[in-house]
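Read top to bottom, the protein sequences are chains W and H.
Quick note on numbering: our numbering labels position 230 of the first sequence as 230, and the sequence is numbered without any gaps.
Quick note on numbering: our numbering labels position 67 of the second sequence as 67, and the sequence is numbered without any gaps.
Mixed in with the good hints there might be a few duds.
Which copy? The list can't say, so a pair holds if one copy fits it or any two copies do.
Unchecked claim - Each computed EDC-like pair below joins lysine to aspartate or glutamate, with the alpha-carbon atoms no more than 16 Å apart:
1) K521 - E291
2) K273 - D302
3) K9 - D121
4) K273 - E304
5) K501 - E142
Just so you know, these hints were derived from the structure itself, not from any lab.
Number of protein chains: 2
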Amino acid sequence: MKLSNMHLKTLREVPNEAEIASHILLLRTGMIRKLVSGVYGFMPLGWRSVRKIEEIVRQEMDAKGAQEIHMSAVQPAELWMESGRWFKYGPELWRLKDRNGREFCLGPTHEEIFTDIVRSDVNSYRQLPLNLYQIQTKYRDEARPRFGLMRSREFVMKDAYSFDRTFKDLDKSYDDMYDAYEKVFTRCGLNFRPVEADTGAIGGSNSHEFTALSEVGESEIAYCEKCNMAATTEKAACVDAPASNEKELPLEEVHTPGTKTIEEVADFLKLDKTQTLKALLFVTYDDDGKEKGYVAAFIRGDRELNRTKLVNALNIPEHAIEFADEAKMAAVTGCVGGFTGPVGLHDCKIVVDSEIPGLRNLCAGACKADYHMKNVNYGRDYNADIVADIKLLKVGDPCPVCGAPVKHARGIEVGQVFKLGTKYSESMGAYYKDENQKDQLIVMGCYGIGVTRTLAAIVEQHHDENGIIWPMSVAPYHVIITLVNPEDEVQSKVADDMYQKLLKAGIEVLLDDRKERPGVKFKDADLLGIPIRITVGRGAASGQIEYKRRSETEKEEISAAEAIARAIRTVEEEK
Amino acid sequence: MKLSNMHLKTLREVPNEAEIASHILLLRTGMIRKLVSGVYGFMPLGWRSVRKIEEIVRQEMDAKGAQEIHMSAVQPAELWMESGRWFKYGPELWRLKDRNGREFCLGPTHEEIFTDIVRSDVNSYRQLPLNLYQIQTKYRDEARPRFGLMRSREFVMKDAYSFDRTFKDLDKSYDDMYDAYEKVFTRCGLNFRPVEADTGAIGGSNSHEFTALSEVGESEIAYCEKCNMAATTEKAACVDAPASNEKELPLEEVHTPGTKTIEEVADFLKLDKTQTLKALLFVTYDDDGKEKGYVAAFIRGDRELNRTKLVNALNIPEHAIEFADEAKMAAVTGCVGGFTGPVGLHDCKIVVDSEIPGLRNLCAGACKADYHMKNVNYGRDYNADIVADIKLLKVGDPCPVCGAPVKHARGIEVGQVFKLGTKYSESMGAYYKDENQKDQLIVMGCYGIGVTRTLAAIVEQHHDENGIIWPMSVAPYHVIITLVNPEDEVQSKVADDMYQKLLKAGIEVLLDDRKERPGVKFKDADLLGIPIRITVGRGAASGQIEYKRRSETEKEEISAAEAIARAIRTVEEEK
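If we strip away everything but chain W, and leave its shape as in the complex, we get (with noise of 0.2 Å):
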């Protein structure tokens, strides 16, 4: 295409809400555009770029066996009811109703439409395994939507969903489908890692997060570099303490005013952060939004808090809890800010890491303020509703596979894989007759990409400070011809010969015959990324034009024709 034809606008500035590279780049290029928070509209480039994830994506499901059909993106809300979701997704279900009155939501996913389809026509083993996906747009009514299409209201997503006879059948569709996301996402040329990870709302036995790794991404993964090991640090398991064979000493109420964190009750009690027992207080809400509870978690000193495994360990959604009030709670269960311990507390829930059992003579809060309790221990002095790993995983902590210290990073989620098993079949009733005419429930699998999402990952690992470096497979374009000067008329005539014989052989080419001036047209060269560029300048008088990658700071002369042939044989071998 001519540049001259092409809707582009370009900026020269940093657009005041964009903080991240990909949000300022895609926006700087003009490949999206903000319509209102969170949700966003691709201009020519951008959209070409999806397109060609889009195509990635289908490919490498299509090589998997997976058929593509296409759902509606509304839904009835009586489907969400029967799987249960309707009253456990949270506000950013974005629900709607129709003229007359009638309930519906925009699809984050789709599992109950998927479920619906099979339980209505599956019937036999013989028609088992089935995996169908579709690419589509998805909705989130996120709370705090940000850094452009990273969180955005409004995305596209590859959603597949897999259905076998067996557990062990489902192994075999879920490898297949982590086998396709890792060629999906080499081929979208980014650096990424599968980590362990927490199946969250839409709920199931194993999961898997792609993470593009990215110091912006908002996954924490914890990873070991002896033995592999990777994790969410939602997910990530932790080693217990081991158990104390201290002997257990007599409870001690000591007077500690003004010690209200761990770090000041440890520093005036001269005590190891390890020996003390840290208190977090939290409200629980019933579907209606009502308060319905208290909990307090314990977990020792230096730990911190993994509010999934807690979220996990109370079999609750995600957005039925919050911190409480504690004066409210207070006057329920007998807790004292900064200085609530599990002794004396009641009418609430004790949820206590599962280290803790196993440690002796810790300090907790006495639930009396500027007093705390020395010697306290499990079993002797108070119980727990609950006992799992809450803890999180942090950096140098050992390994629950190896043992060797974790290290972390960051990265973004651009795919994600579940095994549901048997939760949809069963809440919405999905069947299968086996050999022998028995009614068997479909073991089901779900797998995700964020195709928009990918998009933002990709420019966040291919970017410098003049703009993009698109990889070849992805980028909107493989080369752009910069016409220095189009009132030169022999310049005028090599570019756009140039531009022919590249799109004579299937090249997607650029021809940049605005009348800018040069420095604009390279800048903007830059910024949109496209692999390679060729110049026409005034060597294009002795058949010279000069050839470079986007990637690379060498610049070469060459004449028109090799230019031609080896754009044509880098496209062919890159794309």
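Got chain W sorted already, so can you dock chain H onto it with the hints?
Frame of chain W; chain H shown alone:
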């Protein structure tokens, strides 16, 4: 693809809800799937055909230099308020709120969004002309969704918007799109007719509908075989009866007991219906849905009212008018059900058809039960607030262009092109600077193709009693190989060999290797309507297979090699 691996569920019976061929066949082939009333999903075969139509549309749009983008389906109310459509658009506009109570709609069209793009991106005349389009899921919350994809609440649409400097340039853009649409629908195998159309809620001056001819279509068109005039009956202009040169006779009240209809009064008074005046009574509503006032429309007794023309004459939204409750209206305006005439009516808007002022001595209701007035004359006895053509062009009426008697036909509106002019650029402030740096309004056009409705229209025109007969260009697959007996090794080998060779040649081929009775397979092949059917049966032993076009009745016994060559050639020619 092998059918044994494909998710395919065909139905033998006609689904209850379906009345027309496309709805029945798309459901019976399992290509579409109803989610709720007016909302359908697309299963593998259906989605393949939709994507083929999309690709045809994309190619023809790109060939005209239009650029594909992708805007949000969710649109903020603010933009619709700017254009004035938030209130004018009826309950078909599917409205919703986000978690913060901000109002949005699910876009039925995108004029506001695209106008917003150009008003911010376009500064100079040098950036024009511009044509941007998208292929996207659209929404209309229909009161009575029906006929499957024909009138659904969610549908795939291509919408394009052109931006020009002048109305003359708009003519060129419009002609380009008109031409592209002719190519698109021709490639889709449709028998269609472009007809002049009303501009409806979109607004603007000129418009053509592309109508796929079909008895089940909801568009009624009037056309002339002599001069090629063609228009929707909503739009079609009428030729007024010639003005009368009769002398005006004195008004005369006559007793006409029980003659409530035109037929009755004409019979009773022995008048021709052309000598009578028919009254139609309406109530109108304001933007908040409150009653605003009454309207009495008068046409010659033998004519029918064209409601669209009336709405346009009144310059109100289509949904802001309904037939009046005569009793309620009588109290305000003095009308009398069955005996309403223009003389003596008060406190209502009087709209008179354009030919009425030229006629003389008509018989009209006397606004008095059981009485009519004879010799009612416009100007002398009454006046109107509006005089406009509000009558329907009926079969046999003179063609407004050449005077020959017109015919009627029914069709499915698969596309529409509009000259919007400056309607949106004016209301939303979209200007460009001309050569003299002066602000000028951008001149717009908009152009829609109902992609999923086109799919239905194709099926309406291409089917027989056994199923669909796909044109090659939009067939989900080109060839189906029916393997009669999968247990037979020779048959299996021949079928599989042909399958592989066709795949390798880039042919989209289905292999029916299911363990089903041959009758079931043949029935499914007919139902699915794949253009080329190759049957591998007993003849396989001697190297012969059966070759048949779905559109024809003859079968031929030919060699496998010849069948492959012929299939490849045919697909090449027709795809």
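So, going through the hints one by one against the coordinates:
In the homo-oligomer, the alpha carbons of K521 and E291 never lie at most 16 Å apart, since the shortest distance is 60 Å inside one protomer and 60 Å across protomers. For a Cα distance limit of 16 Å, the shortest separation of K273 from D302 inside one copy, 5 Å, qualifies, whereas the shortest one across copies, 97 Å, does not. In this homomeric assembly, K9 and D121 come within 16 Å of each other (Cα to Cα) only across copies, at 7 Å, whereas the closest approach inside a single copy is 49 Å. When the C-alpha separation of K273 and E304 is checked against a cutoff of 16 Å, the pair qualifies only within one copy, where the shortest distance is 12 Å, while the shortest distance between copies is 90 Å.
In the homo-oligomer, the alpha carbons of K501 and E142 never lie at most 16 Å apart, since the shortest distance is 47 Å inside one protomer and 50 Å across protomers.
Comparing the model with each numbered hint stated earlier shows that hints 1, 5 do not hold.
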